[in-house]
Structures are given as C-alpha cells and as structure tokens.
Amino acid sequence: MSDDIRRWSEELARDPASLVFIPLGDALRRRGQLDPALKVATRGLERHPYDADAHDLLARIWADRGELERAMDEWGAALRVAPQHAGALKGMGFACSHAGRGVDAERYLVAALATDPTDATISAALSRLRMPPAASGDGGPRPSGPEAVRSIRDSSASPSHPAPAAESVSELELPPMPVSVVQDARDVFLDLLGDGEQTALLLDAQGYVLAGSYVVADGRDVGQDVGGALSGVSDEAQRAMRHLGLGEWTSIVFETDVAAVAMAPVVQDGEAAVALVAAARSVPLGLVRRLLRSVTERSAAWLTGTVGPTGAEL
Amino acid sequence: MTSVFLEMLDGFTRQRGVQGGLVVSERDGIVVDAHVQLGVRASVVAALAASIYRKARLSAEAAGLGGVAYVELAAVQGRLCMAGRGDLVVVLVTDGRSSVGLLRTALLRALDNLP
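Chains as they are written, first to last, in the numbering used here: chain G, 1 to 314; chain P, 1 to 115.
Just to be clear, a hint being listed does not mean it is correct.
Claimed, not checked - One-sided and incomplete, this derived list gives chain P residues near chain G with beta-carbon spacing under 8 Å:
no., residue
1, Val31
2, Val32
3, Ala42
4, Ile52
5, Tyr70
6, Leu73
Said to hold, decoys possible - Part of the chain P face toward chain G, derived, beta carbon under 10 Å:
no., residue
7, Met8
8, Arg54
9, Ala60
10, Gly67
11, Glu72
12, Arg79
13, Leu88
14, Val93
Just so you know, these hints were derived from the structure itself, not from any lab. Only a predicted model underlies this, so the values are computations on that prediction, with no experimental measurement involved. Just so you know, even glycine gets a beta-carbon here, dropped at the ideal spot from N, CA and C.
Could you build all of it, start to finish, from the sequences and the hints given here?
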C-alpha cells in the first residue's frame, strides 16, 4: 500500500492533472489519513469537477469524517454527472438508510444492484432493509453519527476501489427498516383516493413501487406486479413523443376490460418517476384524470419531502 | 382507388384539431390506410402508435387487467388517440385544440366498422 501511495504521489507531482489522485486519495482514506486524503480529493476535483469517481471519493472521505450531509451532497453530485454510478448509488443507499429514509435507500440500492448485480453487499443490504424488525436479528439500537457512517464508509467502496471483503461485509450493519416508514409510503395517497374503487402507485424509473399500494379483492398487494408490468408503457410513450416531435409526454390513459389506467411522469431533482392511477371501469374517465393530477402533485411533493404520510404537510 | 376506411378517416379529419387519421396494423406497424395533413409522417406515426398500443395491450394483460380497447397518449404539443380491434388500430393525431371526449366516443364507435 505505501509503495502504491509513493508511486501515485510521484505521478501526481509529475502531472498534477492526472486522475491518479483518485486511487491515491482512496488509499490515504483507507489508512485513516483523512486530512491529506481530503486535500488530494479537493485539489483533484478542482481540476476535474465533472468526474463522478472524484465526487464519490470525496463523499467517502466526508463519510469517514462523520459528515453524512456533505457525503450525500457529493454522492448527489456524482449522480448528476453519472446517474448510473455504482459507487454513488450504493453510497447514497447506505447513507439514506442510516438517515432513516428507507424508501430512498431501497430505491438507490435497487438501482445500484442493477448496475452491478454481482455485488453481494448490495443484495445483503437490500435483504436487510426489506426484513421486518423482528426478523432482523439483533433488535438493538440503530447506529447513529460517526458509528453509522463508519459502516457506510466501507460498504460504499466503488467497484474500481473495492474495500477488503472482510471489512465490507462484516460492517454491513444496516438498521432494520422501520415498519412505520413502509406503511407511510403505502398510505401517501390514501386521502386522495377516498373509499372509491381506485388505487394509486408511484413507480421509479425501473418500475419498482416507491409509494402507494394496489390491493386486490383477496387482500394481496399486487402493486409491484402491476407497476412492473405497466412501467414499460411509459418508456414507450417517451420514445414515441421524442420521434414525433410533440414534446414531452404528459399522460397516458388506457381503458381495459376491467379498469381505466392513467399514468403521468413525475420528475423531481432530475430523477424520473411515474405516477399511476387505476380505477374500475365504473369510475368516470374525467374523474380518473383529475385523480391522476392530484396523485402526480402529491408524488412530487412526497419525493421532495414536503409532505409526509397521508399527505400531511411537513 | 378508395379503401373501406376512407369515409371513416375523412370524418375524423374534419374534426377540430385532428391532423390525421390512420388505420394501422398492430402487429407490424404498417399503414393500412391514412388521411393526414401535410407534415404528418404517416409511416412514422403508424410504427410508433402500433408499438405503443401493442405495449399497452401486453402490459395490461400481464397486469391482469384484461384486453385494451382505447389508449390515449398526451404530450405538450398534441396527442395520439388509439382504439383497436383484432390486428387493426385506428389512430388519430391531434393538436391541443381537439375535443378528446368526442374523439374517444367516435373512435370506439368506429371499431364496429372494422372488418
């Protein structure tokens, strides 16, 4: 390791514009030399402000220093540059989890897993996140502050700079997902739906349910099945509108034998999601469209965190 | 040469805001007949509309919602309204001025005239 640090330092001295500052900063970080690591990373970022790996490095240094907010800012910056950056998605996933934002955490981890399906630490984190508290084992208090970010630090190593296996898996101590958070996400649209034969979902870009539910007669929530099957329609709509020159798509409505389904895009902070409303054929189409507008607005507000469960303003 | 769809499509394109009407094959996205204004690329519309309709139909079936009868895709500068039976889909391209409720009813009625 020290040989590598010496070699990378010399290379950086010869060529200050070199991207070698990334492995150098990460090596320093792993040795616990956080101040020099921070200096290397910030100087590197000055020269390469649009390098996602550089933002990812700085994020991990902030996480090591216990500054979760700053870490999330940097992972956010990395994702603006490279929306599929595996390290940043993973880091954001773990950081959101530790910040108690279970729904966001799951969204980021699912996206991270899509970019790197072989990463066992992400699968393990997702399983842990989805496990009810009683089944998650320890039942002890969730880590917070520096203790929490210490586990993020090593579990959020990017694929190009993987953490040693013993560290990354053993320290993957995610707090259990609070049941209340899951329940809140399901209830986000309840007050809009009333008692009618209608339901609403918010889907992420991959078709996973972020909020809402779709409960059928026997009490099962088939939201994920329906959402997954229908999310492809919005991709098709987006593609078609681009080719036809009619501008961005604003909604798609289709009537089936048993239901009227309406979907609309929800774009928040550069992230795309889709709001979906389904109603029995007996519900007037105009009402379905109005409901879709309300659900879309609620979804945008919920994603920004300005409304909480059951639509209560925060 | 006139097709059996000409009268139906002519009636649609007289409606306010309708820029074109087409009958397309859902399976391969080919134009069966079309009556469109200048500037509307019938072959492109047909291919995309058929693709959307097919996707909506397959997705709805996969979701357990049954068959699809009507699909409407709205965008900032216009919309596509589609209704289908069998392999044929009637597609309308409209601008923002169209009366969508009226067009939907007319489209669903027109399905009875499809062979």
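Here is what the structure says about each hint:
no. : hint  : verdict
1   : Val31 : violated, 15 Å
2   : Val32 : violated, 19 Å
3   : Ala42 : violated, 12 Å
4   : Ile52 : holds, 5 Å
5   : Tyr70 : holds, 4 Å
6   : Leu73 : holds, 5 Å
7   : Met8  : violated, 20 Å
8   : Arg54 : holds, 9 Å
9   : Ala60 : holds, 5 Å
10  : Gly67 : holds, 5 Å
11  : Glu72 : holds, 5 Å
12  : Arg79 : holds, 7 Å
13  : Leu88 : violated, 17 Å
14  : Val93 : holds, 8 Å
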